[in-house]
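Using the sequences and the hints given, assemble the complete structure.
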Amino acid sequence: MSSTLFERPAGARPVAIKILIAGGFGVGKTTLVSTASEIRPLRTEGARSEAGHALDDVAGVQPKESTTVAMDFGRITFESNIVLYLFGTPGQERFWFMWEGLARGAVGAIVLADTRRLADCFGAIDFFEQRRTPFVVAVNHFDGAPRYGEARVRVALDLDPGVPIVMCDVRRRESAVQVLIAIVEHAMRLKGSRRV
Amino acid sequence: MVRPYAVTRGRTRSQGRQLDLVAVVVGAAPSRMDRRWLEPEHLRVLSRCRQPVTVADLASDLDLPLGVVRVLIGDLTDKGLARVSTPAPSEFARDEAVLRMVLDELHTL
Numbered sequence: 001m002s003s004t005l006f007e008r009p010a011g012a013r014p015v016a017i018k019i020l021i022a023g024g025f026g027v028g029k030t031t032l033v034s035t036a037s038e039i040r041p042l043r044t045e046g047a048r049s050e051a052g053h054a055l056d057d058v059a060g061v062q063p064k065e066s067t068t069v070a071m072d073f074g075r076i077t078f079e080s081n082i083v084l085y086l087f088g089t090p091g092q093e094r095f096w097f098m099w100e101g102l103a104r105g106a107v108g109a110i111v112l113a114d115t116r117r118l119a120d121c122f123g124a125i126d127f128f129e130q131r132r133t134p135f136v137v138a139v140n141h142f143d144g145a146p147r148y149g150e151a152r153v154r155v156a157l158d159l160d161p162g163v164p165i166v167m168c169d170v171r172r173r174e175s176a177v178q179v180l181i182a183i184v185e186h187a188m189r190l191k192g193s194r195r196v
Numbered sequence: 001m002v003r004p005y006a007v008t009r010g011r012t013r014s015q016g017r018q019l020d021l022v023a024v025v026v027g028a029a030p031s032r033m034d035r036r037w038l039e040p041e042h043l044r045v046l047s048r049c050r051q052p053v054t055v056a057d058l059a060s061d062l063d064l065p066l067g068v069v070r071v072l073i074g075d076l077t078d079k080g081l082a083r084v085s086t087p088a089p090s091e092f093a094r095d096e097a098v099l100r101m102v103l104d105e106l107h108t109l
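Residue numbers (our numbering), protein chains in the order written: chain A, 1 to 196; chain B, 1 to 109.
Just to be clear, a hint being listed does not mean it is correct.
Said to hold, decoys possible - Coverage of chain A stretches by chain B, computed from C-beta distances (three or more under 8 Å per stretch; other residues unrestricted):
1. 81 to 88
2. 98 to 111
3. 182 to 188
Claimed, not checked - Incomplete in silico selection of chain A near chain B, CB under 10 Å:
4. E45
5. I76
6. E174
Unchecked claim - Restraint-style ranges between C-beta atoms, simulated for each label pair:
7. A:K191 x B:L109: 20 to 30 Å
8. B:E39 x A:G149: 51 to 61 Å
9. B:L103 x A:P146: 24 to 34 Å
10. A:T77 x B:D78: 30 to 40 Å
Calculated from the structure, these hints are not laboratory results.
Backbone N, C-alpha and C define an ideal beta-carbon position, used for all residues, glycine too.
Here you go:
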């Protein structure tokens, strides 16, 4: 092929950074993405989990009817030509095959937790622990939900001491941004310690 | 507007490794010969990726499902009309200097 076809102005290539947002259905993933970033429409295939449909097609054949669903997707564009991408992961275990591709190359992950349903994030925690993907647990406060301290949440989730826990209200922009800061700081810390 | 899977003739998965959502795609200008086989959706992809664009942004901008966009990109790269650069996991995603810049930017929000 002719290489001249691809000549483009230098410097236009964005530096893309990826952060994942995991957690159970209804825990506030979409809210976090929309509060912290410019949320964008994105559809993907085979992720009917959030709609609660049964996985009736195990042969790997795409059904004729469209099975596309909306995926949480947002981005924050910085002046320095860096773009931070946020991707929500499908909540249910049978769709974890999708997480593999999502997790590859990610800076880290935010596991959103609801104190009324802490067990919903066990799977996500296992997944990121096994892959050594840096993650933080962000406890999203819901009105009327019990408010546990960090220590109780750590015990309930059996988290390593090194995993940060942040309390948040993802409806508030400042709080949502703090969660992003927490995962980037944690990823940097781990990077520093693993190199030694 | 054609139904998405009619465009890809039912193909939902491109050959080989799945494209990363933040892999960057750059398209070339199609020749007259190319236009004989290109579907309208291929042309939409090409026109959107004259400037480098990520797979996720491409799918979002064109309002096509990710799987369809991956197939279309695969067709175009096979024909030499598009190039994809997928960041290695260790490349810049965890580059300390880049993370430091991200952190500084987040603090200004």
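For each hint, the structure was consulted:
no.: 1; hint: 81 to 88; result: holds (count 5)
no.: 2; hint: 98 to 111; result: holds (count 6)
no.: 3; hint: 182 to 188; result: holds (count 4)
no.: 4; hint: E45; result: 4 Å, holds
no.: 5; hint: I76; result: 8 Å, holds
no.: 6; hint: E174; result: 8 Å, holds
no.: 7; hint: A:K191 x B:L109: 20 to 30 Å; result: 22 Å, holds
no.: 8; hint: B:E39 x A:G149: 51 to 61 Å; result: 57 Å, holds
no.: 9; hint: B:L103 x A:P146: 24 to 34 Å; result: 32 Å, holds
no.: 10; hint: A:T77 x B:D78: 30 to 40 Å; result: 31 Å, holds
Against the hints set out earlier in the document, no violation occurs for any number.
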